[in-house]
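Colleague: The chain contents come next:
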Amino acid sequence: MRPLHIRNSKGRRLSLDPSTVPAIELVGIDKKFGPVHANKNINLGVAKGTIHGIIGENGAGKSTLMSILYGFYQADQGEIRIGGRPTVIRDSQAAIAAGIGMVHQHFMLVENFTVIENITLGVEGGPLLGQSVDRARVELQRLEKEYGLEVDPDAVIEELPVGAQQRVEILKALYRGAEILILDEPTGALTPAEADHLFNVLRILRDQGKTIILITHKLREIMAITDTVSVMRRGEMVATRATAETTVEELAELMVGRRVLLRVEKGEANPGAVLLSVTNLTVKDSRGVTMVDNVSFEVKAGEIVGIAGVAGNGQSELLEAIAGIRKPTSGEILIDGQPVAGLDASRRRDLGLAHIPEDRHHMGLVLKFEEYENSILGYHRDPKYGRGALLDLDAIRADAEEKIAKYDIRPPNPRLKTANFSGGNQQKIVVAREIERDPKLLIVGQPTRGVDVGAIEFIHRRIIETRDAGKAVLLVSVELDEVRSLSDRILVMFAGRIVGEKTSDAGEQTLGLMMAGIAA
Amino acid sequence: MEFFDIFVSILGSAVRLSVPLLFTALAGLFSERAGVFDIGLEGKMLAAAFASACAAYVTDSAWMGLLAGIGVSIVFSLVHGFASITNRGNQIVSGVALNFIALGLTVVLGQAWFGQGGRTPQVSGEGRFTPIILPGADAMREVPIIGPLYVNVISGNNILTYIAFLMVPIAWWVLFRTRFGLRLRAVGENPGAVDTAGISVAWMRYRAVIVAGFLCGFAGTYLSVAQSAAFIHNMSAGKGYIALAALIFAKWKPVPVMLACLLFGFLDAFANFMQGKSVPLIGEVPVQIFQAMPYILTCVLLAGFIGVARAPRAGGVPYVKER
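Here the protein sequences come in this chain order: A and B.
Quick note: the first sequence uses our numbering, first residue 45, plus one each step.
Quick note: the second sequence uses our numbering, first residue -18, plus one each step.
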């Protein structure tokens, strides 16, 4: 093995010479869950004081590998070495003792506890809380100062923004003396600004000598922050590179095993008749806060209108109002020229509306249903799928199989429980159901959230095909890249208002400033 | 001052009637704060009442009765724990099953052992917890207002009553000021956080249900060898469910739990008092109306008049490590 020499972002030279002992080393890790071979003979070494990225599609085995490191599972075979010493990690306690800290994708925090209670949980330092909490407070202040992780120790978790909750998770690990920090999809729920903050913290941690393993499926993050990167595909570690010596295209190809188009190719739009018209729409949320404030716009046949904005600026409520899930306070919505006030979601579908909701788990699918049941959800009254109160299961399953083939949903089994599909395939189930209705107007929220690269490309192509077939498409996404590459026109939402309209060639900087409410 | 005397006597009776509710609701507090719903409080109380009456009769010692009550109640808790923690069964089904077992088993065993139609023989003397007259009760008798309150409400209760009210600050202290309490509350909110912190979720929950069993043992003992002097069929008469309602009404907090139990105790005492009396302007009202009051109140309160009662978030959900 040839020694790799790379520089981290501060210009410090890092030696990846195999003769120096890695902070953590996995040798021949193998894990099976029944017939699923989640990890196949994984070998990996991460040098101390570096940020190592592990990238792979959903279901590639990244999380399983990290769970083995954190003692959630035992590997069937293989060895973990910490600082060169073989270490058996039987449970979380052993992982903590070995200096491994984990920041889970879904935070492991007690929501109605304070920050300090969460941090001391499990390492209280004595049977009574009084004194130990005071000691923890001192230690916490030191950590906060050292790593730029400011959080109010007495704040209650559920009242903190997601970014701050994540800082608590990191503090929790550091408080337990973690030298190796594993972060699982850490930016999934963060705003771009929060993600930047996180990356700064990670750089500081690295420069102070901590070793960081970052699991993600976002290529940009890998390029932005890691020193080295490993790619996993179908349970195997297929490549390890120095980040500076690789490209987004190469990593994407390694991930999916073939070339992927990261830029979406599409022709000119041919806008036709207005199919969605929104006039002076105002929507309040359940707390009575105005989320959509006097918004007006149109979407025409044959065009994709994208709504860009930081999450929480009213996009979700706007989509729900159009879909008929949330009642607007005032304003008018016309679908294909028809006023839809007072029509429920189902009636609006009859008018030619299809809706791919933002959160597939919450609104798009019933995870405990089998795939074929979800494939007709919301359209189950269609005479094609049954007569009267009875469902025609054969017809539904045949129909589901058709969609599975057309959308390459894997595994191709309509009788499988939906929860057992990967995120990308679940999303394809929703996309297939909605687009195959041949709607006049398609409204789409976060079409590729938590979806792997291969599926993103597929879903993007389907959305453009829908446009090219002369349908109107309204797209809401917090991924600016996605809005820019798919949309023909971009509306920017900030604080419930549409603060401006741009064409798809508007620069990222311009849109970013508008999204932050600085420019119009 | 006739009205005042009546009020004091109802109050004294309210305190005595709220004791089993208080023990049981505190038991539920520990169990549910740890994420284990416990509809089996009723059954544990009943089983403990039976065990306690038997042991007190045989040994002629109320304390041996208490010990037996606690022991049997903890055994029931462990069965509930085995079903719902170790084997991840449905907590409601397990609790209901235990209630039925207690209801049936106590009568069957009582009949087999004593042949008195499911009752246990009367205990007396050392076999019972009897009222304790606090020092100065006689001297206080003549003091206006405070005197009668001291004599009839504060003094003259049995030891278990004092233990019950002492348990309230103890429960608060344990839950909110000790490591055990912190972990117990955490395991009822987000067991994943506890597991990743390197603490055993199962063992934490087992300890919580054992505490619940311990407290239910007191409740049952109070019924059969303090309030009464024998066990009779179904003597808990739904108190376990009322305690559960009080627990929800009190939003799973110790001091409000005590107040809620006192309120239910007061309604109960008031119903007893109104038996055969006529209400001004209305005339005689069937006593059943008053007896139904706690239940009507429960329905009204739980229907949303207490604001949002947020149950421990992981309550009722067996813990499974996610893949």
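What the hints contain is simulated information worked out from the structure, not anything from laboratory work.
Note that the structure is predicted; figures quoted are calculated from it, not measured.
You may find that some hints are simply not true.
Said to hold, decoys possible - Covered, in the sense of this in silico footprint (three residues per stretch, anywhere, with C-beta under 8 angstroms from a C-beta of chain B), are these stretches of chain A:
{"hint": "1", "segment": "170 to 176"}
{"hint": "2", "segment": "258 to 268"}
{"hint": "3", "segment": "368 to 375"}
{"hint": "4", "segment": "395 to 404"}
Claimed, not checked - The calculated lysine to aspartate or glutamate pairs, modelled on EDC-like cross-linking and capped at a C-alpha distance of 20 angstroms, are:
{"hint": "5", "chain 1": "A", "residue 1": "K92", "chain 2": "A", "residue 2": "E280"}
{"hint": "6", "chain 1": "B", "residue 1": "K234", "chain 2": "A", "residue 2": "E229"}
{"hint": "7", "chain 1": "A", "residue 1": "K262", "chain 2": "A", "residue 2": "D251"}
{"hint": "8", "chain 1": "A", "residue 1": "K450", "chain 2": "A", "residue 2": "D394"}
{"hint": "9", "chain 1": "B", "residue 1": "K302", "chain 2": "A", "residue 2": "E155"}
{"hint": "10", "chain 1": "A", "residue 1": "K310", "chain 2": "A", "residue 2": "E446"}
{"hint": "11", "chain 1": "A", "residue 1": "K344", "chain 2": "A", "residue 2": "E509"}
{"hint": "12", "chain 1": "B", "residue 1": "K302", "chain 2": "A", "residue 2": "E509"}
{"hint": "13", "chain 1": "A", "residue 1": "K92", "chain 2": "A", "residue 2": "D228"}
{"hint": "14", "chain 1": "B", "residue 1": "K302", "chain 2": "A", "residue 2": "D403"}
{"hint": "15", "chain 1": "B", "residue 1": "K302", "chain 2": "A", "residue 2": "E280"}
{"hint": "16", "chain 1": "A", "residue 1": "K428", "chain 2": "A", "residue 2": "E446"}
{"hint": "17", "chain 1": "A", "residue 1": "K344", "chain 2": "A", "residue 2": "D198"}
{"hint": "18", "chain 1": "B", "residue 1": "K302", "chain 2": "A", "residue 2": "D135"}
{"hint": "19", "chain 1": "B", "residue 1": "K232", "chain 2": "A", "residue 2": "E155"}
{"hint": "20", "chain 1": "B", "residue 1": "K232", "chain 2": "A", "residue 2": "E202"}
Note that CB positions come from ideal geometry on N, CA and C, so glycine has one too.
Colleague: Kindly indicate which numbered hints from before are broken by the structure, ordering the numbers from low to high.
Modeller: 2, 3, 4, 5, 6, 7, 8, 10, 12, 14, 15, 17
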